[in-house]
Amino acid sequence: MQQATAMNNQIKWRRRLNSGVRYVLLTAVALIMLYPILWLFGASFKSNAEIFSSISFWPKSFDFTPYVKGWRTGTEFTFTTYFINTFKIVIPKVVFTVVSCTLTAYGFARFDFPGKKILFGLMLSTLFLPAVVTRIPLYLFWRNFGMLDSYVPLIANTVFAAEPFFVFMLVQFLRSVPRDYDEAATIDGCNSFQILIKILLPILKPSLVSVALFQFIWSINDFLSPLIYISSVQKYPIAIALKMAIDTSSGVVAWNQVIAMSLISLLPSIILFFTTSKQFVEGMATGGIKG
Amino acid sequence: MKKIQKYQGLLYLTPWLIGLLVFTIYPFVSSLYLSFTDYNLLNRPHFVGFANYTKLFTQDPEFMNSLWKTLEYTLLTVPPQLLFALFIAFILNFKLKGINLYRTAYYIPSILGGNVAIAVLWRFLFSGDGLINQIITLFGGSPIGWLSNGFTAMIVISVLRIWQFGSAMVIFLAALKEIPVELYEAAQVDGAKKWTIFFKITVPLITPTIFFNLVMQMVNALQEFNAPYLITAGGPAKATNLTSLLIYNNAFKFFRMGYASAMSWILFLIIMVLTIMMFRTSNKWVYYSDGGNA
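These protein sequences, in sequence, are chains A and U.
The opening residue of the first sequence carries number 1 in our numbering; numbering runs sequentially from there.
The opening residue of the second sequence carries number 1 in our numbering; numbering runs sequentially from there.
I should point out that these hints are in silico values taken from the structure, not numbers from a laboratory.
Please note that a few of the clues may not be correct.
Said to hold, decoys possible - Straight-line alpha carbon distances no greater than 27 Å define the calculated DSSO-like cross-link-like pairs of lysine-lysine that follow:
| id | chain 1 | residue 1 | chain 2 | residue 2 |
| --- | --- | --- | --- | --- |
| 1 | A | K88 | A | K12 |
| 2 | A | K116 | A | K205 |
| 3 | A | K278 | U | K97 |
| 4 | A | K12 | U | K194 |
| 5 | A | K205 | U | K177 |
| 6 | U | K97 | A | K12 |
| 7 | A | K12 | U | K200 |
| 8 | U | K177 | U | K194 |
| 9 | U | K193 | A | K12 |
| 10 | A | K243 | U | K238 |
| 11 | U | K177 | U | K95 |
| 12 | U | K194 | U | K97 |
| 13 | U | K194 | U | K284 |
| 14 | U | K95 | A | K12 |
| 15 | A | K69 | A | K88 |
| 16 | U | K97 | U | K193 |
| 17 | A | K116 | A | K12 |
| 18 | A | K235 | U | K253 |
| 19 | A | K278 | U | K177 |
| 20 | U | K95 | A | K278 |
| 21 | A | K278 | A | K198 |
| 22 | U | K177 | A | K12 |
| 23 | U | K6 | A | K198 |
| 24 | U | K253 | A | K243 |
| 25 | U | K177 | A | K116 |
| 26 | U | K177 | U | K200 |
| 27 | A | K117 | U | K6 |
| 28 | U | K200 | U | K95 |
Just chain A, with the same shape it has in the complex (with noise of 0.2 Å):
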């Protein structure tokens, strides 16, 4: 009786060294991957010597220059126009693919039709089909309608659904959902819209907040699209704008500078993510979404 005890202590001991083990290696590695991300918030407050001298994450001084600085930028125009950009292409990207690619996983998951497993086929070889490939041509379309630098080119191919994961997620979602609820409400005297919009949109809510968040932090990362087709300056999106503060011509970066104005972009996703990270996570898990 007395060994057993001794030995139930025993197994009680070695879990919750197991369990603290654990903490200590989850902790180490979490802290080991996110201290740049802490260093460069602290650094964004430091003169561009303390920068260069010191690992401290807490800055001697907190100086807001390198934020007001780098707002201004060496250009003419400031980061709110590029914020401004950035948002005039992100939102409507966000509206038009939550749209269309509801539309369209509809289509697929709830009507039978001819050639119906051919086109579902289509879709998800998409999925794989590099984007490499499609480039070129696309820029000669759009330079052919002369849309080049404008926002048409980055935004366009989203009214058409052309996000094969976001249909793909909402289809294996819509699939979930007995059709028990469709057909009590075309004895309602519904007709399909109505069941779409009426019944299977709330039902689909949850996924389609997935969909926007990541269709926004896609976009809001996109940098080789607006590379390739925007060119002037006051048209710029965050992210070229950012590129153009590491490339000054003088060859000196105000690394305060730059810093600074990286974190500021940072925080769109930022903020979107620690107040819907549960969304994020629960999305990815379902979806089986790539990053």
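Assemble the complex: chain A is given as a structure, and chain U must be docked to it using the hints.
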């Protein structure tokens, strides 16, 4: 009335169908055509047969170099990223308090990592007197010229991708949660060790997820553009000149549209062959619990 009913679904698909034709199928075919021309924006495209392709493989060492560098980058990033993701997901899957906090923390790099700001900061962290070298000197080492040596420059852009293991981790975590607890308990009763359980039960049961993550991360890594463009500019001495960057420079700096299209097609074919190979070999190692094949 019946007929309308029958085609109603297609009505909802109309926008997507238009997009498929205009933004996917047309450019796909068009880029194949362009790859057989000498189009350079100035003159009308002339058909040149396989000239671009033969030139790429026989007279363009820069292109061959970029392919090897792209493969090197993929090999350096994808396996460590997935191993890391799986390992952390495995630890997080134990019932620990505050697990959501850790999950969020590990996921942050995946959310922010694609942002230009992070690439800019990365360049700074690894610069001559940047934070990393400051830490090295603090521990008595001598600073490393990270971006002036080909191999270390490759390491710098690779670490940026590995750092973003959070998205793969979250997908692994969801898969791990699906494994019935009884299986673990049964194995424990049989006296199996923890690592045996991990390799004999956990890993086989999540092979479909490993497969999914592997294909997705591979396809992404083979097309990486931002990091070499923003952090290393393909250098030093072309050591990080990944194929996507080379294609961009040819197409949008020198306007060699035909030549760059041929490059994109080779990269596309490589990606496709690798993806198909993975699907083909998947029935040897991917275990589907319903007994079916993917």
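*Regarding the pair U/K95 and A/K278, is the alpha-carbon distance no greater than 27 Å?*
holds (18 Å)
*If you draw a straight line from the CA of U/K193 to the CA of A/K12, is it 27 Å or shorter?*
At roughly 17 Å apart (the allowed maximum being 27 Å), A/K12 and U/K193 satisfy the hint.
_Need the status of pair U/K177, U/K194: alpha-carbon distance at most 27 Å?_
With Cα atoms ~17 Å apart, U/K177 and U/K194 stay inside 27 Å; holds.
*Is U/K200 close enough to U/K95, meaning Cα to Cα at most 27 Å?*
holds (21 Å)
_Holds or violated: A/K116 and A/K12, Cα atoms, limit 27 Å._
violated (58 Å)
_For a C-alpha distance cap of 27 Å, please report whether A/K278 and A/K198 respect it._
holds (26 Å)
*Is the Cα-Cα distance between U/K194 and U/K97 27 Å or less?*
holds (21 Å)
_Given the hinted pair U/K97 and U/K193, is their Cα-Cα distance within 27 Å?_
holds (24 Å)
_Can you confirm whether the C-alpha distance between U/K177 and A/K12 stays at or below 27 Å?_
holds (24 Å)
*Measure nothing beyond the straight line between the CA atoms of U/K194 and U/K284; if it is 27 Å or shorter, mark the hint as holding.*
holds (25 Å)
_Would the hint linking U/K177 and U/K95 be met if the CA-CA limit is 27 Å?_
At roughly 11 Å apart (the allowed maximum being 27 Å), U/K95 and U/K177 satisfy the hint.
*Does the structure keep A/K12 and U/K194 at a Cα separation of 27 Å or less?*
holds (17 Å)
Checked against the numbered hints listed earlier, the structure breaks hints 1, 17, 25; every other hint is satisfied.
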